[in-house]
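Novice: In case you want the letters, here they are:
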Amino acid sequence: MRHVITLLVENEFGVLARIAGLFSGRGFNIESLGVAETLDPTVSTMTIVTRGDDQIMEQVMKQLNKLVSVIKVVDLMDKDFVEREMVLVKVAANADTRAEILRIAEIFRGKVIDVGSKTYTIEVTGDEKKIDALLALLKPLGIKELVRTGRVAMLRGSKVTTEPGV
Amino acid sequence: MDIRACFEFRISCFELIMKKTGAQIVVESLKKEGVETIFNYPGGAVLPLFDELQGGPFRQILVRHEQAAVHAADGYARATGKVGVALVTSGPGATNTVTGIATAFMDSIPIVVLTGQVPTLLIGNDAFQEVDIIGITRPCTKHNYLVKDVSDLGRIMKEAFYLARSGRPGPILVDLPKDVLVNSADFKYPEKVSIRGYQPTYDGHPGQVQRAVKVIMKSKRPVLYAGGGIISSNASKELTLLAERLGIPVTTTLMGLGGFPGDHPLFLGMLGMHGTYHANMAVMESDLLIAVGARFDDRVTGRIESFAPQAKIIHIDIDPTSISKSVKVDLPIVGDCKRVLGKILSLLEEEEIGTFKDGLHRWCQQIEKWKGLYNMEYHQEGKIKPQFVIERICDLTKGEAIITTEVGQNQMWTAQYYRFVKPRTLLTSGGLGTMGYGFPAAIGAQAAFPNRLVIDIAGDGSFQMNSQELATAVQYQLPVKVAILNNGYLGMIRQWQEFFYEKRYTSSCLEGACPDFVKLAEAYGAVGLKVTEPGEVVPALKKAFSISRPVIIDFVVDSEENVYPMVPAGEPLNQMRLV
Ligand SMILES: Cc1ncc(C[n+]2csc(CCOP(=O)(O)OP(=O)(O)O)c2C)c(N)n1
Ligand SMILES: [Mg+2]
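Going line by line, the protein sequences match chains Z and F.
Each residue of the first sequence is one higher than the one before, starting from 361 at the first, in my numbering.
Each residue of the second sequence is one higher than the one before, starting from 55 at the first, in my numbering.
Keep in mind the hints are simulated off the structure, nothing from the lab.
No experiment lies behind these values; they were computed from the predicted model shown.
Each residue gets a CB set at the ideal place from its N, CA and C atoms; glycine is no exception.
Incorrect hints may appear among the rest.
Claimed, not checked - Only pairs whose alpha carbons sit at most 20 angstroms apart, straight line, appear in this in silico PhoX-like list of lysine-lysine:
#: 1; chain 1: F; residue 1: 379; chain 2: Z; residue 2: 422
#: 2; chain 1: F; residue 1: 476; chain 2: Z; residue 2: 422
#: 3; chain 1: F; residue 1: 379; chain 2: Z; residue 2: 426
Claimed, not checked - Chain F residues, not near chain Z, derived (Cβ > 12 angstroms throughout):
#: 4; residue: 188
#: 5; residue: 221
#: 6; residue: 249
#: 7; residue: 380
#: 8; residue: 622
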């Protein structure tokens, strides 16, 4: 099963390597990973999307917790949360397809952020399904390049990750 | 001098006193941690630190290879329970420590390894003798530090020792760039450690402990299965009390040997691939397995799907990741073995123990029956049998010497035939199975206990992996005894080739190319004895034990003797080869 995990880690050098090394060394898989500093500059947050059955996920969570640089680990799967990802897509554009591309971008509340003589670059934000749907529509028109940020996620409501009990 | 200048002068004097160089900070930290012995090997990047150690309070033992420095620190730690310390230079000095660090990591041994590093400005430049030892050792240390600023050094040293010995112990590496050793900072050794991402659980969850007692009292065929955690948490007294109070038989892993008295009527011996027949049968037929400080290693469980099929499992361990990693556990208790067992003992005060014990009568009879069916045996006829040598060592030392082993048949026979009666008397590389571990580990243990008898029970192959340490033993007058079970083979490899590769002995025969171990000993200024007849074994051992210098005893043993019982890798635990 797919799991989205939020980690609070010490904002120090080498932490990303510790986490990536743990996943590769133990054969856990990473679908996407995002890191950034939090409001507290000594802490970074990571969002990891991974897959595994219950036994594997139990190990993933325990092994992450065991790292000295990891302050907290939360598996969002059994919680109510929102997730987003941003994608930049460069699509081939010609007289026949320009209008179509613009229409698709609009439907997905996307923006054209760069225009070339033969391309449009579109920015779209959303959850995994939305992005996948967008890409499926653009693909026949000719996607030249594609960059995704990886998932970020957050609990719904007033709860925050740093709270005890979360 | 006017008053003001005078005042400033005094302030700067004060500062001089408070400010210390990185090298001085390391030395002060080691003093504060109560370090007595440092196993080391110098090099350019750490010379500022070596210079500062000069004339200090530490006993410094110069090894002959950095791997041995780490094994010696590890042996020191296993024998004493204190943190062992090794100090080496950057680059090749650091990479040479990796096997030692991984060995300590797999067996949860508290050591601190200090490595030199090129100056911070050169890091990343492929400077002379630069290596990313932090990257290399990340997966085989409990934690590691690259010190980038001398003002962090005191805190990092404090954390290093704290992390090494607390929770599930393990190796910590601190990488010290040369400029950090030379630069100065204000120094005050922290009183306390606070690491927000590290809070080990020592007390078991009270509800879980209560449930465990209930489950135990309902069992009819229980077995206590104890591992190295019993030794590292100093819980052998509690384990013994629990076993005796309830009359539950005890088996231990290789790492747990000595954690329960080997001569105790409730002791089943070791379990697993080379465990006793009755220990393995008891585990397979049990209805309750109480795992304490053990981790269900594949050498213990055999084929995992068929392991202890009828048993409920209670698992007490300080490391949550050990629980339900390979075997699904019914009742996990995260905590320190000593404390949790203590809690169980106190809860048992309220239980009706008499009827429980009576109920185990048939179970104990069954185990006795298995024991009668097959107990480890060998026949001393013809050439010296390796098992015979180990039994004689055991008799002569009353099971109380500090024994280290190498890896292979020598290690398994030692586990089977030496009756360990006290914790911290068997030092062996269990998890990593590192050949070459035993001799330097013995040196470390001997450095900690100069007056105890320390014996490395060695293989002819393994001993050659760190035999250069004879020079260390001689130089520091560490009277370690090395009993080489010389079978002319990488015996355990030959055994596998005999069983599973139709006796094709590829690259496992050492015969004809072994050095003359007597001459080798003498070349280093140690004593060498050679024994070829069974009748000479005891006199030679007595002689060796009476010599207050390092001694090698070369026992020429039967070359094709095998270790039995044996559960072939991946087979169920009750599928034992007995002959
Ligand atoms: C560093 C290392 N390399 C290889 C092995 C694989 N190995 C396990 S046992 C063994 C043979 C050991 O031979 P010896 O020391 O003579 O012991 P014996 O089995 O003959 O008692 C080998 C090569 C190992 N455990 N460690
Ligand atoms: Mg051999």
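Novice: Now, for every hint given, state plainly whether the structure supports it.
Specialist: We went through each hint and held it up to the structure:
With a C-alpha separation of about 10 angstroms, the suggested pair residue 379/F and residue 422/Z falls inside the 20 angstroms cut-off, and the hint holds. Of the pairs offered as hints, the one joining residue 476/F and residue 422/Z is violated, with about 33 angstroms between alpha carbons and a cut-off of 20 angstroms exceeded. Between residue 379/F and residue 426/Z the CA atoms are separated by roughly 14 angstroms; this keeps the pair inside 20 angstroms, and the hint holds. At the 12 angstroms boundary, the C-beta of residue 188/F falls inside the reach of chain Z, the nearest C-beta of that chain being 7 angstroms off.
Distance check for residue 221/F against chain Z: the nearest CB is about 9 angstroms away, which does not clear 12 angstroms, and the non-interface claim fails. With a cut of 12 angstroms on Cβ distances, residue 249/F falls inside the contact zone with chain Z, its closest approach being about 6 angstroms. Residue 380/F, annotated as away from the interface, has a beta carbon of chain Z within 12 angstroms; the closest lies near 10 angstroms. With a least beta-carbon separation of about 25 angstroms from chain Z, residue 622/F lies farther than 12 angstroms from that chain, consistent with its non-interface assignment.
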